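Asks: Each chain is listed here by its residues.
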Amino acid sequence: MNVINEIVPALDIPALRSEFPVLDVRVNNKPLVYLDNAATAQKPRAVINALQQYYNGYNANIHRGIHHLAEQATTAYEATRAEVQQFLNAGLREEIIFTRGTTESINLVASSWGRQFLNKDDEIIISTMEHHSNIVPWQIICEEKGARIKVIPINDEGELDLEAFYKLLSPQTRLVAITHVSNALGTINPVREIIHAAHKAGALVLIDGAQSTPHLSIDVRDMDCDFFAFSAHKVYGPTGVGVLYGKKEILEAMPPYQGGGEMIAEVSFEKTTYNELPYKFEAGTPNIADVIAFRESLVFLKNLDSELLHTHEKQLVDYATQKISDVGGIRIIGTAASKAGVVSFLMDGTHPQDVGVLLDQQGIAVRTGHHCTQPLMDRFRIPGTIRASFAIYNTLEEIDSLAEGLHKAKKMLL
Amino acid sequence: MSELKSIAETEAEIVDDFSLLDTWEEKYEYIIDMGKKLPVLDDQYKKEENIIKGCQSTVWLTADYRDGRIYFSADSDAVIVKGLISMLIRVLSGHTPGEILNAKVDFINEIGMMQHLAQTRSNGLLSMIKQMKNYAIAYQAVSS
Numbered sequence: 085m086n087v088i089n090e091i092v093p094a095l096d097i098p099a100l101r102s103e104f105p106v107l108d109v110r111v112n113n114k115p116l117v118y119l120d121n122a123a124t125a126q127k128p129r130a131v132i133n134a135l136q137q138y139y140n141g142y143n144a145n146i147h148r149g150i151h152h153l154a155e156q157a158t159t160a161y162e163a164t165r166a167e168v169q170q171f172l173n174a175g176l177r178e179e180i181i182f183t184r185g186t187t188e189s190i191n192l193v194a195s196s197w198g199r200q201f202l203n204k205d206d207e208i209i210i211s212t213m214e215h216h217s218n219i220v221p222w223q224i225i226c227e228e229k230g231a232r233i234k235v236i237p238i239n240d241e242g243e244l245d246l247e248a249f250y251k252l253l254s255p256q257t258r259l260v261a262i263t264h265v266s267n268a269l270g271t272i273n274p275v276r277e278i279i280h281a282a283h284k285a286g287a288l289v290l291i292d293g294a295q296s297t298p299h300l301s302i303d304v305r306d307m308d309c310d311f312f313a314f315s316a317h318k319v320y321g322p323t324g325v326g327v328l329y330g331k332k333e334i335l336e337a338m339p340p341y342q343g344g345g346e347m348i349a350e351v352s353f354e355k356t357t358y359n360e361l362p363y364k365f366e367a368g369t370p371n372i373a374d375v376i377a378f379r380e381s382l383v384f385l386k387n388l389d390s391e392l393l394h395t396h397e398k399q400l401v402d403y404a405t406q407k408i409s410d411v412g413g414i415r416i417i418g419t420a421a422s423k424a425g426v427v428s429f430l431m432d433g434t435h436p437q438d439v440g441v442l443l444d445q446q447g448i449a450v451r452t453g454h455h456c457t458q459p460l461m462d463r464f465r466i467p468g469t470i471r472a473s474f475a476i477y478n479t480l481e482e483i484d485s486l487a488e489g490l491h492k493a494k495k496m497l498l
Numbered sequence: 026m027s028e029l030k031s032i033a034e035t036e037a038e039i040v041d042d043f044s045l046l047d048t049w050e051e052k053y054e055y056i057i058d059m060g061k062k063l064p065v066l067d068d069q070y071k072k073e074e075n076i077i078k079g080c081q082s083t084v085w086l087t088a089d090y091r092d093g094r095i096y097f098s099a100d101s102d103a104v105i106v107k108g109l110i111s112m113l114i115r116v117l118s119g120h121t122p123g124e125i126l127n128a129k130v131d132f133i134n135e136i137g138m139m140q141h142l143a144q145t146r147s148n149g150l151l152s153m154i155k156q157m158k159n160y161a162i163a164y165q166a167v168s169s
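Going down the list, the protein sequences come from chains U and F. So the first sequence is numbered by our numbering: it starts at 85 and just counts up by one. So the second sequence is numbered by our numbering: it starts at 26 and just counts up by one.
Derived from the structure by calculation, the hints contain no laboratory data. There could be a bad hint or two in this list.
In silico SDA-like links for lysine to any residue, alpha-carbon gap of 25 Å or less [as the list claims (entries may be wrong)]:
id: 1; chain 1: F; residue 1: LYS52; chain 2: U; residue 2: HIS491
id: 2; chain 1: F; residue 1: LYS61; chain 2: U; residue 2: GLU488
id: 3; chain 1: F; residue 1: LYS52; chain 2: U; residue 2: GLY368
id: 4; chain 1: U; residue 1: LYS495; chain 2: F; residue 2: LYS62
id: 5; chain 1: U; residue 1: LYS494; chain 2: U; residue 2: THR419
id: 6; chain 1: U; residue 1: LYS114; chain 2: F; residue 2: LYS158
id: 7; chain 1: U; residue 1: LYS494; chain 2: F; residue 2: ILE136
id: 8; chain 1: U; residue 1: LYS494; chain 2: F; residue 2: GLU54
id: 9; chain 1: F; residue 1: LYS61; chain 2: U; residue 2: GLY433
id: 10; chain 1: U; residue 1: LYS114; chain 2: F; residue 2: TYR164
id: 11; chain 1: U; residue 1: LYS492; chain 2: F; residue 2: HIS141
id: 12; chain 1: U; residue 1: LYS495; chain 2: F; residue 2: THR48
id: 13; chain 1: F; residue 1: LYS71; chain 2: U; residue 2: ASP462
id: 14; chain 1: F; residue 1: LYS52; chain 2: U; residue 2: SER485
id: 15; chain 1: F; residue 1: LYS52; chain 2: U; residue 2: ASP432
id: 16; chain 1: U; residue 1: LYS114; chain 2: F; residue 2: GLY137
id: 17; chain 1: U; residue 1: LYS495; chain 2: F; residue 2: ASP102
id: 18; chain 1: U; residue 1: LYS492; chain 2: F; residue 2: GLU54
id: 19; chain 1: F; residue 1: LYS52; chain 2: U; residue 2: MET496
id: 20; chain 1: F; residue 1: LYS52; chain 2: U; residue 2: GLU488
id: 21; chain 1: U; residue 1: LYS398; chain 2: U; residue 2: GLY286
id: 22; chain 1: F; residue 1: LYS71; chain 2: U; residue 2: ARG465
id: 23; chain 1: U; residue 1: LYS494; chain 2: F; residue 2: ASP102
id: 24; chain 1: F; residue 1: LYS30; chain 2: F; residue 2: LEU45
id: 25; chain 1: U; residue 1: LYS495; chain 2: F; residue 2: SER31
id: 26; chain 1: F; residue 1: LYS158; chain 2: F; residue 2: THR121
id: 27; chain 1: F; residue 1: LYS52; chain 2: U; residue 2: LYS284
id: 28; chain 1: U; residue 1: LYS492; chain 2: F; residue 2: LYS158
id: 29; chain 1: F; residue 1: LYS62; chain 2: U; residue 2: LEU498
id: 30; chain 1: U; residue 1: LYS495; chain 2: F; residue 2: HIS141
id: 31; chain 1: U; residue 1: LYS114; chain 2: F; residue 2: ASP47
id: 32; chain 1: F; residue 1: LYS61; chain 2: U; residue 2: LYS398
id: 33; chain 1: F; residue 1: LYS72; chain 2: U; residue 2: ILE466
id: 34; chain 1: U; residue 1: LYS284; chain 2: U; residue 2: ASP306
id: 35; chain 1: U; residue 1: LYS114; chain 2: F; residue 2: GLU54
id: 36; chain 1: F; residue 1: LYS155; chain 2: F; residue 2: SER31
id: 37; chain 1: U; residue 1: LYS495; chain 2: F; residue 2: GLY137
These numbers were taken from a predicted model, which means no experiment stands behind them.
Hey, can you work out the whole structure from these sequences and the hints?
Replies: Set out below in structure tokens:
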């Protein structure tokens with residue numbers, strides 16, 4: 085069951101890349117240049133092997149079985165919880181709840197916490213740069229409860245207007261739900277200041293960590309957020325697994341999200357008592373295989389020098405910003421002082437989709453469109469952007485290929 | 026617009042044109058060129074009811090029914106989609122509702138542009154073909 089993780093020498097990029105089998109794929113007869121990491125990151129061999137080992141060796145349902153395989157699977161499943169706890173520096177293992185992804189984590193809070201604690205005329209603060217997943221769940225619960233959504237504006241660089249945020253805080257504010265890193269702009273938000281101010285106003289804070297977990301070291305205790313949501317597949321883990329971290333006393337006060345197996349203590353037709361944390365929020369058979377394999381991606385990351393990775397990723401963003409700008413007729417969308425993982429841009433006189441199609445022909449995978457942030461695109465009065473997003477295995481040479489690809493697209497389209 | 030050429034003949038013509046193009050660059054330059062040459066759709070037709078919304082690009086489609094034949098006009102904000110639209114119009118426009126309903130529109134596959142049909146969410150091209158056929162159904166009902 086244990087997968088041996090080879091320790092890749094610090095920033096030996098070819099060695100690091102060789103751990104990711106899909107990077108050898110050719111697209112349209114050219115080497116794949118994968119720059120859509122903000123959508124999903126590729127998986128190291130250890131993750132892929134763990135999936136296979138689970139199904140080949142100890143597939144069983146967890147927590148209730150008394151037989152050997154069930155115990156083995158349960159141990160592996162819970163080992164991931166411990167690894168996630170460490171990854172986030174959470175205080176308690178029962179503060180880690182497995183979900184299907186960031187979206188479900190946010191929906192869980194909106195639905196469960198919102199149902200219990202949100203009242204008429206209460207307010208939830210979000211920002212202009214939120215992903216639809218951190219907008220729509222709040223709209224649904226606010227509509228149900230007669231509560232309101234307030235939106236923090238941003239400046240032209242794509243940074244939050246903190247002064248405006250402080251003014252939005254009021255005794256009606258119940259919760260602030262904010263992204264740590266913008267998926268469309270790359271802006272790193274000052275979450276500690278936001279959390280501090282929100283707490284002073286008596287509000288809770290949920291941090292959407294889908295885009296920060298791949299690039300920044302996370303410490304939920306130091307940050308002091310009340311909830312933190314992220315997805316395994318963006319940190320080199322499998323799809324279909326997400327995490328909700330919540331402070332224990334808050335999670336305990338919340339009603340279950342879904343009813344079913346696993347989440348109960350006792351059931352009779354008169355009354356059901358609920359299981360303790362974290363199982364109270366994990367109704368039904370979970371995504372056992374993917375949760376188990378998820379641990380391998382976290383161990384993989386743990387074995388790399390995070391400081392060197394951060395430096396490398398920063399270099400990628402800086403170099404890409406430079407090379408893309410040099411193509412000419414480029415407008416970078418999101419020029420915050422503090423950015424991670426993403427360069428979003430437009431090419432004068434072209435539609436993002438056309439550029440994306442022509443890059444794809446050259447084996448270069450980027451994302452074009454509104455990136456599920458339509459209010460943000462409206463703020464910039466644009467239909468969408470071309471987004472190159474980076475991971476630890478990307479190279480400066482790949483960014484050179486992107487720049488060449490853009491030159492070619494420009495020549496063909498204009 | 027060829028009055029007498031059948032839909033299948035026009036499709037074959039396009040497939041022939043493409044067979045002369047060797048590289049992906051040539052193919053896409055051809056499509057981009059057709060996109061640029063598609064007559065601009067008058068602003069009065071660029072209204073909400075004529076929009077076929079994709080996730081990324083927008084397509085406007087209108088149809089005119091004269092003497093038993095349907096004439097399409099369309100536009101898009103993305104030029105590659107516009108080029109593909111231009112070919113669809115060349116194939117289907119000026120035909121009877123029955124002919125349009127029976128058209129297979131296989132040429133998109135044959136010229137290697139199938140991926141653009143698969144990307145339904147992003148460019149709405151497949152929705153556009155459906156909408157052209159919907160016009161055919163509607164006009165067929167009107168005329169019978």
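Asks: Decide, hint by hint, whether the structure agrees.
Replies: Hints, verified against the model:
1. LYS52(F) <-> HIS491(U): It holds: about 18 Å lies between the C-alpha atoms, which stays within 25 Å.
2. LYS61(F) <-> GLU488(U): The given pair, whose Cα atoms are some 24 Å apart, holds under the 25 Å limit.
3. LYS52(F) <-> GLY368(U): violated (51 Å)
4. LYS495(U) <-> LYS62(F): Holds. LYS495(U) to LYS62(F) sits at ~17 Å (cutoff 25 Å).
5. LYS494(U) <-> THR419(U): holds (22 Å)
6. LYS114(U) <-> LYS158(F): violated (38 Å)
7. LYS494(U) <-> ILE136(F): holds (23 Å)
8. LYS494(U) <-> GLU54(F): Satisfied, since the Cα-Cα distance of roughly 12 Å is no more than 25 Å.
9. LYS61(F) <-> GLY433(U): holds (12 Å)
10. LYS114(U) <-> TYR164(F): It is violated: about 47 Å lies between the C-alpha atoms, which goes past 25 Å.
11. LYS492(U) <-> HIS141(F): holds (20 Å)
12. LYS495(U) <-> THR48(F): holds (16 Å)
13. LYS71(F) <-> ASP462(U): It holds: about 20 Å lies between the C-alpha atoms, which stays within 25 Å.
14. LYS52(F) <-> SER485(U): Holds, at roughly 21 Å.
15. LYS52(F) <-> ASP432(U): holds (23 Å)
16. LYS114(U) <-> GLY137(F): Holds, because 17 Å separates the two Cα atoms, which is no more than 25 Å.
17. LYS495(U) <-> ASP102(F): Answer holds: LYS495(U) to ASP102(F) is near 18 Å, not above 25 Å.
18. LYS492(U) <-> GLU54(F): holds (11 Å)
19. LYS52(F) <-> MET496(U): OK: LYS52(F) and MET496(U) at ~11 Å, within 25 Å.
20. LYS52(F) <-> GLU488(U): Holds, at about 19 Å.
21. LYS398(U) <-> GLY286(U): Roughly 36 Å between the alpha carbons, so the hint for LYS398(U) and GLY286(U) is violated.
22. LYS71(F) <-> ARG465(U): holds (19 Å)
23. LYS494(U) <-> ASP102(F): Satisfied, since the Cα-Cα distance of roughly 16 Å is no more than 25 Å.
24. LYS30(F) <-> LEU45(F): Status holds; Cα separation ~21 Å.
25. LYS495(U) <-> SER31(F): Not satisfied, since the Cα-Cα distance of roughly 36 Å exceeds 25 Å.
26. LYS158(F) <-> THR121(F): holds (11 Å)
27. LYS52(F) <-> LYS284(U): violated (61 Å)
28. LYS492(U) <-> LYS158(F): violated (36 Å)
29. LYS62(F) <-> LEU498(U): holds (13 Å)
30. LYS495(U) <-> HIS141(F): holds (21 Å)
31. LYS114(U) <-> ASP47(F): holds (17 Å)
32. LYS61(F) <-> LYS398(U): It is violated: about 39 Å lies between the C-alpha atoms, which goes past 25 Å.
33. LYS72(F) <-> ILE466(U): holds (19 Å)
34. LYS284(U) <-> ASP306(U): Between LYS284(U) and ASP306(U) the Cα gap is close to 16 Å, so the pair holds against 25 Å.
35. LYS114(U) <-> GLU54(F): Holds: LYS114(U) and GLU54(F) sit about 19 Å apart, inside 25 Å.
36. LYS155(F) <-> SER31(F): Since the Cα atoms of LYS155(F) and SER31(F) sit roughly 20 Å apart, the hinted pair holds (cutoff 25 Å).
37. LYS495(U) <-> GLY137(F): Distance of about 22 Å is within 25 Å: holds.
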